[in-house]
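> Single-letter residue listing:
There are 2 protein chains.
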Amino acid sequence: MSEPIQFYFDFSSPYGYLGSHLIEAVAARHGRPLAWKPFMLGAVFQRTGGQPLVSLPLKGDYAKRDMVRGAAFHGVPFSFPPKFPAKSVTACRGFYWLEAHDPDKAVPFAKAVYRAFFFEKRDIDQAAVLAEIAASLAIDAEAMGAGLRDETVKAKLFAVNAEALEAGVFGSPFFIVEGEPFWGVDRLDQLDRWLATGGW
Amino acid sequence: MSEPIQFYFDFSSPYGYLGSHLIEAVAARHGRPLAWKPFMLGAVFQRTGGQPLVSLPLKGDYAKRDMVRGAAFHGVPFSFPPKFPAKSVTACRGFYWLEAHDPDKAVPFAKAVYRAFFFEKRDIDQAAVLAEIAASLAIDAEAMGAGLRDETVKAKLFAVNAEALEAGVFGSPFFIVEGEPFWGVDRLDQLDRWLATGGW
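Top to bottom, those sequences are chains A and B. Going letter by letter, the first sequence gives residues 35 to 234 in our numbering. Going letter by letter, the second sequence gives residues 35 to 234 in our numbering.
If you are wondering where the hints come from, they were derived from the structure by calculation, not from laboratory data. Treat the hints with care, since some could be wrong.
Said to hold, decoys possible - Stretch by stretch, here's where chain A covers chain B in the computed footprint (C-beta under 8 Å, at least three residues):
#1 45-52
#2 80-87
#3 102-110
#4 130-136
#5 193-207
As the list claims (entries may be wrong) - When the alpha-carbon atoms are kept at most 35 Å apart in a straight line, the in silico DSBU-like pairs for lysine-lysine are as follows:
#6 B:LYS98 / A:LYS98
#7 B:LYS93 / B:LYS117
#8 A:LYS93 / A:LYS117
#9 B:LYS190 / A:LYS93
Claimed, not checked - Some chain B residues near chain A, calculated using beta-carbon distances under 8 Å:
#10 PHE118
#11 ARG227
#12 THR231
Cβ coordinates follow ideal geometry from the N, Cα and C atoms, glycine included.
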């Protein structure tokens with residue numbers, strides 16, 4: 035019963051950000067480890083025909099309102115990014131470089147990137163911003179900067195994107211528990227009960 | 035504070051069906067009337083470019099699983115219809131004919147249509163099935179059958195579809211409280227708090 039909850043998220047996804055604030059309490063309540071898996075939702079959209087939420091007629095306007103309202107509802111600090119969406123590829127590579135070279139820092143880095151983008155109005159497309167975030171966490175920013183161009187790191191991100199598609203992931207956040215998929219912050223209540231009961 | 039909750043739904047929408055089971059308790063808790071507003075989601079999709087959920091790659095398979103799981107989670111009897119989606123136009127016209135001619139029967143008719151489609155595996159495209167449902171509720175099925183071709187009834191449904199678009203409705207179920215929009219069964223928790231607090 036200790037298989038990790040798979041937590042797929044895109045660094046440019048507002049609901050993924052909310053999920054990052056809420057999933058740890060659910061996992062802890064059931065003694066489950068959590069596998070953080072940043073991926074590139076845009077790469078998945080190329081295969082599924084999905085589109086960025088905020089670009090859709092009517093739904094886009096609703097979504098922007100819903101993100102702000104939902105963050106406040108859940109008590110999560112949130113400020114809609116001035117430049118949105120961000121390209122999430124560099125932050126993803128930073129995460130997977132850390133996972134290989136300074137693993138205890140990977141999750142703190144992910145949280146700091148999310149906070150920078152969705153609360154501090156910083157531009158996470160910029161390598162300099164990611165370097166500042168790294169430095170603030172006592173990560174070797176220079177080594178990480180070089181690591182962003184590492185072919186192994188690029189291949190790892192490519193593999194996670196492929197794995198996400200294979201697992202049926204089409205949005206962010208997306209949680210999988212022993213093969214059972216839960217899409218969205220909206221499904222954390224069902225995920226919580228699923229972990230408690232083993233399903234229904 | 036007694037402005038009704040606007041409840042837009044499509045008779046062919048599984049999540050609309052779940053919403054119809056859950057919204058009454060929320061409205062009652064806050065002493066709010068509820069305005070049932072069946073509309074044609076397909077007509078809205080023609081304007082917004084929306085697509086039926088179950089037809090989308092990956093998302094469609096997930097949605098079918100999520101509908102069954104969500105119904106059980108909420109304790110709502112559910113059986114995926116053998117022929118899906120249904121055309122909802124006739125059921126909508128029946129509802130609006132009742133609203134004009136036998137108003138106390140309109141909501142019971144809506145509930146019976148939903149139950150017929152999402153639990154009893156009946157084909158709500160068929161006028162004969164709607165007539166049986168009407169008869170079971172002591173509605174004059176013959177008068178309602180004639181009313182389905184009534185120009186006033188057709189115009190009323192057309193007007194509700196237009197009103198829905200104007201109000202930003204792009205999915206089902208969709209709830210509006212004094213201009214504040216809530217899309218989906220997933221937002222009933224926020225709607226509940228909104229009614230309690232007047233917003234945040």
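> Hint by hint, note whether the structure agrees.
Going through the hints against the structure:
1. 45-52: Since 0 is below three, the answer is violated.
2. 80-87: Coverage by chain A holds here, the residue count being 4 at a Cβ distance below 8 Å.
3. 102-110: Since 4 is at least three, the answer is holds.
4. 130-136: This one is violated; 0 residues, fewer than the three required, reach chain A with a Cβ under 8 Å.
5. 193-207: Holds, because 5 residues of the region 193-207 of chain B bring their Cβ atoms closer than 8 Å to Cβ atoms of chain A.
6. B:LYS98 / A:LYS98: Given that 35 Å is the threshold and the Cα spacing comes to 26 Å, the pair holds.
7. B:LYS93 / B:LYS117: 19 Å, holds
8. A:LYS93 / A:LYS117: OK: LYS93 of chain A and LYS117 of chain A at ~19 Å, within 35 Å.
9. B:LYS190 / A:LYS93: Holds, at roughly 25 Å.
10. PHE118: Where the cut-off is 8 Å and the nearest Cβ of chain A is about 20 Å from PHE118 of chain B, the hint is violated.
11. ARG227: OK, holds: ARG227 of chain B within 8 Å of chain A, min 7 Å.
12. THR231: 10 Å, violated
Checked against the numbered hints listed earlier, the structure breaks hints 1, 4, 10 and 12; every other hint is satisfied.
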